[in-house]
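Protein chains in written order, with our numbering: chain A, 1 to 367; chain B, 1 to 659; chain C, 1 to 87.
Since the hints were derived computationally from the structure, they do not count as laboratory data.
Since this is a predicted model, take the numbers as computed values, not measurements.
A hint or two may mislead.
Stated by the list, open to error - Capping the alpha-carbon separation at 27 Å, the derived lysine-lysine pairs in DSSO-like fashion look like this: (1) B/Lys385 - C/Lys17; (2) C/Lys5 - B/Lys300; (3) B/Lys474 - C/Lys3; (4) C/Lys65 - B/Lys363; (5) A/Lys157 - A/Lys37; (6) B/Lys434 - B/Lys333; (7) B/Lys653 - B/Lys634; (8) C/Lys60 - B/Lys363; (9) B/Lys365 - C/Lys65; (10) B/Lys385 - B/Lys358; (11) A/Lys157 - C/Lys65; (12) B/Lys496 - B/Lys333; (13) A/Lys26 - A/Lys274; (14) C/Lys3 - B/Lys378; (15) B/Lys333 - B/Lys32; (16) B/Lys363 - C/Lys17; (17) A/Lys5 - A/Lys157; (18) B/Lys496 - B/Lys416; (19) C/Lys17 - B/Lys358; (20) C/Lys60 - A/Lys37; (21) B/Lys385 - C/Lys5; (22) A/Lys188 - A/Lys355; (23) C/Lys3 - B/Lys385; (24) B/Lys229 - A/Lys274; (25) A/Lys355 - A/Lys170.
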Amino acid sequence: MVENKKEGVIIGGGITGFSLALSLAKRNFRDVLILEKSYLASGATGRCAGGIRQQFSCSENIELMKISYPIFENMDDFVQGGYLMLATSDEEFNALEENVSIQNEMGVKTEMVTPEQCEEISPYLNTEGIVGGSYNRKDGYVDPLNVTYDMFFRVKKMGVEVSTHEEVLKVDDGLKVVTSNREIETEKIFICAGAHTAPLLRSIGINLPNQPIKHEILVTETLSHFLDPMIVMMNEGFYAHQTVRGEIITGIDMRHSPSFDVSSTLEFLSKCTKRLSSVFPATRKLKVLRQWAGLYDVVPDAVPVVGEKDGIYFMCGYSGHGFMVAPGLSELMADHAVYGRRHDLLQRLDYKRFKEGRELGERVVIG
Amino acid sequence: MREAQESFNKLFYFKSYYHSMDRRIRNHPLLKFERGREVSFIFDGEMVKGRESEDVATSLLANGIDILGWSRKLDRPRGYFCGIGKCSSCLMTIDGVPNVRSCTTPVREGMVIERQHGDPGIDPESGSGAIKSAEIEELSYDVVVVGGGVAGISAALAVSDFSGLNVTIVDESRSLGGQLLKQTHKFFGSKEEYAGLRGIEIARTLSEEVKNANIDTLLDCEVMGYYEKEKENEKEEKEAGYLLVLKENKPVIVRGEQYIVATGAYENMLLFENNDLPGIFGAGGLQTIMNLKGVLPGKKALIVGSGNVGLILAYQMLQAGADEITIIEAMGKVGGYGVHAQKIRRFCIPILLNHTIKRAIGKDKVEGAGIISLKDGKEVEGSEKLLDVDLICLAVGLTPDVRLLQQMGCSSRFIKELGGWVVDHDEDGKTSRKDVLVAGDASSIEEATTAMIEGKMSGLRCILNAQEENDAEKELKRLKSRLEEFRAGPFSEKIKRGGEKLYGTVTSEEKEAEIGAIEERTFEREGTRLIIACSQEIPCDPCVASCVRGAITKESLVSLPEIHVERCSGCGLCVSACPGLAIFLVKDWGNGTSLVTLPYEMLQFPKSEDRVKLLDSNGEIIGEGIVRSSMLSKFLVRVVAPSSIAEKVRNLKLVGKNG
Amino acid sequence: MDKSKVIVCRCEDVTLKDIEECIDAGLTSLEEVNRYLKCSMGTCQGRGCSALVEALISGKVNGTKKRPPSIRPPLLPLDVSSFRDDE
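The shape of chain A in the complex, shown without the other chains (with noise of 0.2 Å):
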């Protein structure tokens, strides 16, 4: 028989959920379970290239990563392979200038670099009409789907119950979550479903101003390593990466119009392979495997939001960011709910900032 009753209902079988499920473990709150709709790591989560860095312009998403780095460090499979951002104009350097000055004055360890160091970084990089960049070596990636599906495992153990294929279609300002198959009471609900998230929130009246972009990405096949850093081009939101098993991750920004639609485009994957191989010449003979789309959460200011209201508490927002904040935006959320004790950052990404005019802002969106 479905056990109808849990301490708490995690929406959502990606990161955050499972960052969530584990940190409300480590708290000792474990009757929870985790409802996914598909598979897990079925949205942006196992759709995600893996990037985890401190690079970014606003200070809040600079705190959430001091929070979240510990966690990714404690991972075997974390390469610190550096983040090299890269302007092809004054007015890009002149910005990453501005963004290194507040990274360093929270005591995060950004360098500009100039075109030679960026050859030397990353040897096969095409120079040309680079005029320069920010560098941190302590930025790198990890593989989403391993590290998800670790915490899944992680969590299993430590009791927390795991249903896949069971979509959420109503949460109830009672506390009770509807799903295709039935109904559940609960004492607290936490919606981590990234796009998602919103429409589910509308029932219960809290209307959050965020919209689903479609973000393209391929893979290629596997190499022998030659890549370190994430590079990342700032006209065009392009970036590369080449991950532990060889394959190079990249993408670039199209401007998609707001939609949950998630197929992959021939635009996409024209525009997207010509920049690869003028940043990397040498991968014109490299052949793309797969090439799929996921959704960034975006709200105006590229900020997660966060919130809570009568027992159901919510993480969205991020804006192209939920997988390298979400650990530690767990951490905080476990606290406010188990303990009761509310972090001064979960104050300013609330939800009510929108309204309240405290909107925070981030310039650097990748991809």
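Fit chains B and C to the given chain A structure using the hints.
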């Protein structure tokens, strides 16, 4: 000094090994291989000779080189496997480009080919120069057929025969015909489906028809996927999509008002120890290299699976010159047609039922196989036997290739009887998308003949979707009942059960074809005996058509032939017409000898006056005879045999000069 | 049978042992096993292994529902330089 010695040893080893071996098939009873002039290329630092028409992997295998590379993580040796560029087994670095599919890359003079250990490195020299966007050519058609096999060709022909719609066939290989191009056996079915012709002949005939029908063909074109242009906003109608096709490595957009997807199937793998060792082939891969490329990569073979593919393959290997073949079958009965089984039984090839493979043995390539007996599907303890083989071929079924269909968004479901994941479709091949149809093995695993009919039906459905057309309507109706005739036999129970699941009708009672020993029937009149070794209801009737005197009739396509021996003149035309090689004619001369007319399709075709050993249905020698006459064009031999054994003669073997 | 010598996915060298351990650890669908072990993420994109993995899962886990695998373009490996001309 030691280094020099080592490199000399290496050189000597390579030279002596490669140059001592040539596995190209020189003589074949049915096939001629046009190989073109010799070309030399560098393989891991040594010079190797190939032929102009060969691909890299074929040339290497022809030279006795079985290891094409090592796997990326575990460094396991890998060799030729699928033969059609669909797996990762043959990836090599060619002229500096890593991970090139060597089984589909033509060999060229001076090419530099290297095997890979692990992941290859990036080649810093591989790119330079400014970027210019390539122009993307766009082609539009009323109907785009994906796949130039028998189903696809039939679909395109139906479209062009019954309407003025413009139609194209897209296929990744250089010639039309798909799997037909690898088939040397005569096909079952009826005249309308070219029964009695060999696969290679049907491919030729159909290609000719396509040419005459003015159908556009996009050959050497790989379909990369289906794309749709993005909507500007949510309310907008989604624009129809298109296929991205790579034509000679250049992108081309191919648009169709409607698509017929006839992408065929790919082969199933099997799990056993060392199942990736070089020398293990998929059935299709082996047919490709043996019958299309003309290289026989092993002489002593184990074939896993006794379905029609496994049985036919054994026969084809005999024709290509293999020495020893063993077939194993996990089930308690032969999976394929009895007529195919008896063709190879006559050559003494054992079919071990309730057996499967446990391991492949060998360090760098297949040197043996461990096989085990099964009881109730489980291994019998201590039953492992080692077979001395140098080739293992997996003929364990096919899975419909629905990747394109699934990517196009056609709904699909898993139906075991139809081969795995199949797209939802109706009898005409219409999928969940109104502009996409499916035909042939891509819809469900069946025979070439039914693929032909399905192809035609999908073509006609396309016409009717676009316009009213009385003739097409009538023809579609006729083909529907024709398909039913084909599927009336016991071998179609599985496909019918699968179809019922798909179409949602009530499941019929399970009725499996009983496949065991063939019951032979003998009909006699005044010393002339006609022996028919055909006791299974398979859809086939060339024997009926071959007899001008009407001595053979059939009630329906799948019923057993009836012999009206009073009308038989003993001409023997039916013997050569039967695709199953299941008819034999014995004329008793009254002097203790008889004249036996039998089919024979092997190399070393006997000539008149040749002395031959006479073999029975199990390949056992039962006596000797002398060839009276033979007709290579019809693969027919008449041999004088002692009357006492004449009725049992099913095969013959030339007696050597000293024998 | 030495399950570490039974190859399920040739492209990524995933063995029967790997797959069984992964299913035992709690992953119960093709999509999940594929994503954790990276089978079907190599050159052949799962043509060789998907059916095997699916069969192994349904052999070990009761009552799993088979779901169509997600098929992502390109259907065959495509050169990074396909959309450009070298000058």
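Here's how the hints hold up against the structure:
Between B/Lys385 and C/Lys17 the CA atoms are separated by roughly 24 Å; this keeps the pair inside 27 Å, and the hint holds. This hinted pair checks out: C/Lys5 and B/Lys300 have alpha carbons roughly 24 Å apart, not beyond 27 Å. Between the alpha carbons of B/Lys474 and C/Lys3 the distance comes to roughly 57 Å, so the proposed pair goes past 27 Å and is violated. Our distance criterion of 27 Å between C-alpha atoms is broken by C/Lys65 and B/Lys363, whose separation comes to about 40 Å.
Proximity of A/Lys157 to A/Lys37 is assessed by CA-CA distance (about 22 Å); at most 27 Å being required, the pair is judged to hold. This hinted pair does not check out: B/Lys434 and B/Lys333 have alpha carbons roughly 42 Å apart, beyond 27 Å. Note on B/Lys653 and B/Lys634: the hinted pairing holds, with a Cα-Cα distance of about 18 Å set against a maximum of 27 Å. Our distance criterion of 27 Å between C-alpha atoms is broken by C/Lys60 and B/Lys363, whose separation comes to about 32 Å.
Restraint check for B/Lys365 and C/Lys65: not satisfied, since their Cα atoms lie roughly 39 Å apart, outside the 27 Å limit. For the given pair, B/Lys385 sits about 10 Å from B/Lys358 by alpha-carbon distance, which is consistent with the 27 Å threshold. Annotation: proposed proximity of A/Lys157 to C/Lys65 holds, straight-line Cα distance about 24 Å (limit 27 Å). Only pairs whose Cα atoms come within 27 Å are accepted, and B/Lys496 paired with B/Lys333 is accepted, the gap being roughly 21 Å.
Taking the CA atoms of A/Lys26 and A/Lys274, the gap is about 47 Å. The hint is violated against a cut of 27 Å. Taking the CA atoms of C/Lys3 and B/Lys378, the gap is near 17 Å; set against the 27 Å cutoff, the hint holds. Restraint check: the Cα-Cα separation between B/Lys333 and B/Lys32 comes to about 35 Å, which exceeds 27 Å; the hinted pair is violated. For the proposed pair B/Lys363 and C/Lys17, the alpha carbon gap of about 21 Å is at most 27 Å, so the pair holds.
Between the alpha carbons of A/Lys5 and A/Lys157 the distance comes to roughly 20 Å, so the proposed pair stays at or under 27 Å and holds. For the proposed pair B/Lys496 and B/Lys416, the alpha carbon gap of about 12 Å is at most 27 Å, so the pair holds. Taken as a hint, the C/Lys17 and B/Lys358 pair is honoured in the structure, with Cα atoms around 16 Å apart against an allowance of 27 Å. A distance of roughly 23 Å separates the Cα atoms of C/Lys60 and A/Lys37; the hinted pair therefore holds under the 27 Å criterion.
For the hint linking B/Lys385 to C/Lys5, the alpha-carbon distance of about 19 Å falls within 27 Å, and the restraint holds. Under the criterion of a C-alpha separation no larger than 27 Å, the hint pairing A/Lys188 with A/Lys355 is consistent with the structure, at around 25 Å. The suggested pairing of C/Lys3 with B/Lys385 holds, with an alpha-carbon distance near 20 Å, which does not exceed 27 Å. About 19 Å separates the Cα atoms of B/Lys229 and A/Lys274, which keeps this hinted pair within 27 Å; it holds.
A distance of roughly 25 Å separates the Cα atoms of A/Lys355 and A/Lys170; the hinted pair therefore holds under the 27 Å criterion.
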